[in-house]
Amino acid sequence: MNIRSFPAVPALLWFLLPLVLISSCTEQNGQPESSGAGTDTLHWYRQAAVDLGHRIVMFSAEEGLAVSRGRGREFRGKAYRFRNGVWTPFHEYPYSDYPLIATRDSLRHTAVVNHLTHDGAYRPVFSSFNGDERTELPLPRIMWDAVDHVMMKGIHQFANGTAWMVGQQGHILYFNGTRWAEQPSPLIRKGSEQENAYDGDLNDITMLSERSGWAVGRNGIIVRYQDGQWQRVESPTDKRLFRVRFADERNGFAVGERGTVLRWNGERWEHVQTEVREALHSLAVLGPDDVWVVGAGSTLLHWNGRTWRSETSIRIYEDVLTDISVVRDAGGTLQFWIIGDQGIYTTHRSTGFSFTDITGVASLRRHGRGALFLPDGDDLPRLLLSNEGGTNLLSVNSGRNGATAYTDETERLGLSDAPRDPGMIAAGDVNNDGETDLLQIVDHRVFSFHFGTAFGTFRDAREHSALQLREIDPSVANAARFIDLDNDGDLDLYISNHNLSDQLFRNDGTGRFTDMTDEAGIGKHTGHASYGAVFADVNRDGAADIFIPYYVSYRKKFFDLFLNDGTGRFRRDEQPVFFAGTDIAPTVALTGDFNNDGAPDLFVHTQKAPPFLFINDGTGKFSDKAAASGFTDINFHPDPSNGMAAAADVNNDGWLDLFVGSRLYLNSAGMHFTEVSERVGIQFTGNPVFADIDQDGDQDLFIGSTRASLGKGDRAVLFRNNLDPQQLRTLTIHPDRSNRTGDGVVITACGWSTTLGSGGSPMFPAISRRIILPSHLKDDDTVVVRFPSGVQQQIRIGHAVDVYETGIFMHPAVLGTNAVRRAIYLLDLRDEMLKLAGILSLITLGLFLFKKKDIRTFARTWQMVTAGILTYICILLMTAGGSTAVSAVLPVLTVPAVVLIGSFVLRARDLRRRSQYIAHYRLGPLIGQGGMGKVYRATDTLTKRSVALKVLHPELTADPENKRRLKAEGELLSSFDHPNIVKVFAIGESEGRGYIAMEFLPGGTLKERLTAEHPLPLERIKEYIGQVCDGLQEVHRHGTVHRDLKTGNLMLGEKGRVRLMDFGLSKSPLVTTMTSLGTVLGTLGYVAPEQVTGGDVDARTDIFSLGVIMYELLTNRLPFNGENEIALIHAIFNTVPPPPSSLRPDLPAGWDAVVMKCLARDTAERYGSAEQVAEELQQWKV
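Residue numbering for the sequence shown follows my numbering, starting at 149 and increasing by one per position.
Hints are computed from structural coordinates only; laboratory data are not their basis.
Wrong hints could be hidden among the right ones.
[To be verified] Calculated pairs, PhoX-like style, for lysine-lysine (alpha carbon to alpha carbon, straight line, at most 20 Å):
#, residue 1, residue 2
1, K1082, K1170
2, K1115, K1131
3, K704, K756
4, K769, K756
5, K1115, K1155
[As the list claims (entries may be wrong)] Per label pair, the in silico range of CB-to-CB distance:
#, residue 1, residue 2, range
6, D375, G508, 18 to 26 Å
7, F957, V1013, 22 to 30 Å
8, R944, A1056, 41 to 49 Å
Glycine is no exception: its CB is placed at the ideal position from the N, C-alpha and C atoms.
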């Protein structure tokens, strides 16, 4: 039974848990809701392999010359020509020290100098080439000693054919166009030529003109050609110099051992400081401020006129770099060629792209028969190395910022128990959980099966899979593939079995397999050495068909095609192109749309004939177009395998290219293939796998091989593609009804087509749901995505587009429904009942242990009950079919934890929510605080008006008498309705907290106004005092004494009107409470003496405070001061403050008398009322 046969479970279930949490967060308990050379880093690739390369010269980006030394007696030295993107040898010689190359102007007129090092006593041989015609020119006989010849180490040839050479012992030769002759050298004294045999070597020569030149050599020797003779000049170094080059007569550079760099400034040579200590072998001088230097240890330096910078990009290759040549291409861009001991390296991409060997810098082993690149969510793909002779190794790409760095994580990720040397690997999401699963097979008895987990690890699932494999041929040409053959959306398993019958296993959707080999109808011819089946919907009926090549023919038939009826049952389809009259020995086959017509084609490599390219007419009928497409040569492979070919669009032009054995073929419009391997830097034979390992928008390449193919040397290499598309456009496919791997999804757009899962070999199939769109597609072009289920989506192209099979909104619902069906199918009711019993027991125990009884109330809320149920269901879905221990323990521990922790969270949220309200007032920002409590700006949720809410200290309302007085006095204060008194709306208590709700005035306090605008105009001060007096008269008329009068309790309302606040409560027993808290009611600097002593208070007490306010407004200071409370009290009782006029000389007469009378210590000497103060002020003008 398939899990998809269960009725659909409403997808609404998947949205309930977030709603529950949101509801929990917004519940309010009845309260309203609250509110280089100017270039970027160079991309290098090895254009050719050489044996001890020595010199290179490029005439243009299309033509050049190079020479190598060779290695010992086995590998000869060679001279190479560069044409059509390829280095081709045109001359060979025995191993040679110091081979030289020179040319007049082009490839046609070339000179090569080699030395007969081993068998010719180092005799130099000068070969002149006119095209391919070689002429040996005699050189003067110059001996090192009685046996050996002097070797020549530097050469310069002019366009007119004349030339100079320099060599050991300081010898200098000149060619006049007819013959070579020795010239006088300042390093050789007549009659004693051998005296300085080891000190006078000249290593290089450069001629600026026929009258001017330079040569350098051992021990820092520098000689100059001028006025028809060579002369030695002073050198700032004794280090050996290897090369010298000039930009012009006044600017030259020389390089040598131990990082030596010299510069000619027009008058003398100067030593240039660099941080390099490696030997520097050569240089290219493009200008006085543009110099490139190469040397040992993959050293590449650039002088930009200010600093020497190390160009580290070349260090991707470990080599001794011996020479460099730089030219500009047709577009004016600098292109670099460097020759080293092991190869010729360049940045030039004649094909628009190139491949760089990054195996070393990527920390990969250089062995392995091949690899699979496994998707890893949104991260870079992981690499599963087919490790010949050992356990396969899974490496994670931990590189950053475009770098690639693989780390072996086999053991950590749970694959260390896999068998050794499995010949077959299959990968895909077989249990529909969105993770890649893995099957590795040695034979029918030894194999491993692992499910991928959401954590990126793997767990053993062999027992769950129920796989019972039939006998498997021990040949390495077998293959395994997860492929949906019955079109039910689940990946089935197909095993290609070389000489035995292939095997097919149907998946039930949970990763359990049933053997369907006998019912499938695949009548493969056994005993005819198949290298593996490939799969494609050749007749475009929505079902995957099977194509099988035979190395040995069956009645002259080399291929079988089995068409799928859509249920996983097949019938053979015979076609004339599947027969051949001669032995062609087919090996590996692969599928791909090579002509972009939307129908899958077939490519087949053969050992004894040119390859076949079967082009599909759209109905599943094929014709061979190999010869017309450029495949006319036999591509024999010494160790053929079913992994030796792969297809991918490597140059992003929309045409599917091919790699076969060791050759890369570029496909182009009209389906014509061109072999470009060496031109793009590939010199390796093996099993290719393409993947965008760094997600930079181009297909990178891994090639692995076996010991039988490449012996004991490097058997694996990872090439980075240097295409670097300027505009990266990708599609990521998200199937849900079809198989989650995306195998068989067809994407078409504007004359381009591709299919997910195509292009890979039987040994290493392609696995990726991310598609790189070709460069010819533009924004707003339409892409059609057709899923195996028959669903079709049309989308507009963007830079990174996600395509969901059932749409972005239905996608999670479909996946959720599938997961529920899967869990139901795997459900064991007895086990689930035991889990539920454990969950309820732990919840009950937890509630019993908690002392806070209200926790139990929250645990019984519908939110927590629902959260517990949904958590249980989510865990059930995640663990279905997984580890028994995990699925048993995880819900029993997690669900009680969610309920109990959630109850605490709800309780904390409720408490916090309660703290945000007092009665029906929602608290806003804190706007002040004092001895009685804190003042908040608040909103009355009933009237929606803003208020100033004073929240009293809890201690003030703890006493029952205080509560009674609070209520009584609240009624009194609420009765005030005066323009100079802040309106009190309510005084009350809520949940143990007393509060006073007052009119909110945005103008701030008089204290704040004084601080901001001192000195205040006298007219305004008089106005302020008059308004305070008016308010006090109203207060005193009701028999109330304010007792806490100060500038901080005088608010400014509309149009600057003063309003009194915070009064009345001071005559209640609350005073006692506050005193016990260490607080004297009222700010101490404003209080009258009788307040301090606890004497009787009346209206004159407020008059004293009014005097302090007047004094402060006039002088911006208080009349009484002290360092502490005791000192301040002493000042109030024992000092007379200086009159205000002494601090403010502009103060008119009259102010001092009024202020000082208000501040009298004896109440009888003060004004008797605020009305008297106001009348006094009105009698005189400011």
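Hints, verified against the model:
no.	hint	result
1	K1082 to K1170	violated, 31 Å
2	K1115 to K1131	holds, 16 Å
3	K704 to K756	holds, 14 Å
4	K769 to K756	violated, 25 Å
5	K1115 to K1155	violated, 30 Å
6	D375 to G508: 18 to 26 Å	violated, 52 Å
7	F957 to V1013: 22 to 30 Å	holds, 28 Å
8	R944 to A1056: 41 to 49 Å	holds, 48 Å
Hints 1, 4, 5 and 6 from the list above are not met by this structure, while the remaining hints are.
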